[in-house]
Amino acid sequence: MTDGGRRPRVAVIVFPGSNCDRDALAAVEAVGGEAVPVWHQSKDLQRCGAVILPGGFSYGDYLRAGAMAAHSPVMKAVRRHAEQGGAVLGICNGFQVLLEVGLLPGAMLMNRSLRFVCRDVYVRVERADLPLVRTLQPGQVLRLPVAHKEGNWFAEPAVVREVEQRGAVALRYCDPSGQVRLDANPNGALENIAGLINREGNVLGMMPHPERRVSRLLGGEDGRALLRALVEAA
Amino acid sequence: MQVEVRVKLKESVLDPQGEAIRRVLTNLGFEEVEQVRVGKLMLLEVAGDDAGLVRARVEEAARELLANPVIEDFEVRLP
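Note that the protein sequences, when read in sequence, are chains A and B.
For what it's worth, this note's numbering labels the leading residue of the first sequence as 5, then goes sequentially.
For what it's worth, this note's numbering labels the leading residue of the second sequence as 57, then goes sequentially.
These are calculated hints, taken from the structure and not from any lab test.
Treat the hints with care, since some could be wrong.
The list that follows gives simulated cross-link-like pairs (lysine to any residue, SDA-like), each with its CA atoms no further than 20 Å apart [to be verified]:
| # | chain 1 | residue 1 | chain 2 | residue 2 |
| --- | --- | --- | --- | --- |
| 1 | A | K153 | B | A76 |
| 2 | A | K153 | B | V69 |
| 3 | B | K66 | A | L118 |
| 4 | B | K66 | A | D48 |
| 5 | A | K153 | B | E116 |
| 6 | B | K96 | A | L67 |
| 7 | A | K153 | B | E90 |
| 8 | B | K96 | A | P161 |
| 9 | B | K66 | A | G106 |
| 10 | B | K66 | A | G64 |
| 11 | B | K64 | A | D48 |
| 12 | A | K153 | A | A132 |
| 13 | A | K80 | A | H44 |
| 14 | A | K80 | A | A132 |
| 15 | B | K66 | A | P161 |
| 16 | A | K153 | B | L99 |
| 17 | A | K153 | B | R111 |
| 18 | B | K96 | A | D48 |
Partner residues aside, some chain A positions facing chain B, computed with beta carbon under 10 Å [unchecked claim]:
| # | residue |
| --- | --- |
| 19 | L67 |
| 20 | N156 |
| 21 | S219 |
| 22 | G223 |
Everything numeric in this text was worked out from a predicted model, so none of it was measured.
Ideal Cβ positions, reconstructed from N, Cα and C, are used throughout, including at glycine.
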């Protein structure tokens with residue numbers, strides 16, 4: 005590209021054990037951003053305006069998924085960026101990291117089936133009025149892949165109520181027609197929660213992988229809009 | 057000194073892994089086992105002789121990293 009310097013820069017954090025970082029880098033470029041890999045030891049975000057915490061098994065999922073990554077040096081910079089209103093998208097293991105650092109509420113338990121779930125799911129868009137979801141339509145159904153063993157979102161009842169009341173649920177597991185049903189829930193997450201967004205709408209965590217759905221050749225383009233919102237927020 | 061940190065899921069949290077183990081125990085004839093909860097046991101070798109101080113530091117470490125207060129409780133045991 006000739007306008008390389010002007011494309012919005014998006015950092016993709018690379019932890020030891022990340023394995024969706026390459027997909028995330030390619031997906032950012034596919035929607036017009038400049039993707040910058042940032043190593044977990046980095047103390048800054050290399051002038052990036054948005055951040056992706058990618059999927060994978062950071063630090064081998066030792067202790068708890070995302071727990072070690074949450075304390076890596078780069079996360080201080082990510083937290084500062086988020087608290088100043090900067091855009092952060094956590095995908096799968098990245099969502100687990102966001103929960104472990106407390107940027108989003110709750111925690112992930114092992115899937116109710118005890119199995120690693122790797123297949124396409126449908127999610128219904130619950131919020132489309134905040135920065136990181138503004139490219140979506142309310143009620144829209146997206147078909148996206150999941151691949152995880154700890155995606156069973158849990159919080160105490162008081163926290164679940166608060167999450168619902170303030171509209172923190174961005175995405176919910178549903179059937180292809182958009183009905184939120186128990187049998188459409190791949191992991192046992194409370195209230196079929198597939199994605200959470202913070203009050204300001206600049207921090208989004210989700211278990212499904214939008215970065216794996218940015219091309220028809222790879223099964224569809226349902227992930228493009230979310231990545232576009234992130235790049236536009238950079 | 058060696059310090060034990062026991063981390064277990066809170067009572068309010070379902071433990072499907074423990075439940076699966078209980079079912080297998082039942083199949084093996086251990087019908088009297090009514091519940092299984094799976095936790096973690098960590099053994100820390102900690103420098104220092106002041107038991108109070110060691111306990112305080114290990115509890116701090118547990119709150120910060122070893123346990124996730126959203127889903128887990130922990131217990132620190134000194135020799």
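The hints, checked one at a time:
| no. | hint | result |
| --- | --- | --- |
| 1 | A:K153 / B:A76 | 16 Å, holds |
| 2 | A:K153 / B:V69 | 17 Å, holds |
| 3 | B:K66 / A:L118 | 18 Å, holds |
| 4 | B:K66 / A:D48 | 36 Å, violated |
| 5 | A:K153 / B:E116 | 29 Å, violated |
| 6 | B:K96 / A:L67 | 9 Å, holds |
| 7 | A:K153 / B:E90 | 26 Å, violated |
| 8 | B:K96 / A:P161 | 25 Å, violated |
| 9 | B:K66 / A:G106 | 18 Å, holds |
| 10 | B:K66 / A:G64 | 24 Å, violated |
| 11 | B:K64 / A:D48 | 36 Å, violated |
| 12 | A:K153 / A:A132 | 28 Å, violated |
| 13 | A:K80 / A:H44 | 10 Å, holds |
| 14 | A:K80 / A:A132 | 28 Å, violated |
| 15 | B:K66 / A:P161 | 13 Å, holds |
| 16 | A:K153 / B:L99 | 26 Å, violated |
| 17 | A:K153 / B:R111 | 34 Å, violated |
| 18 | B:K96 / A:D48 | 34 Å, violated |
| 19 | L67 | 7 Å, holds |
| 20 | N156 | 8 Å, holds |
| 21 | S219 | 36 Å, violated |
| 22 | G223 | 30 Å, violated |
Hint compliance for this structure: hints 4, 5, 7, 8, 10, 11, 12, 14, 16, 17, 18, 21 and 22 are not met, and every other hint is.
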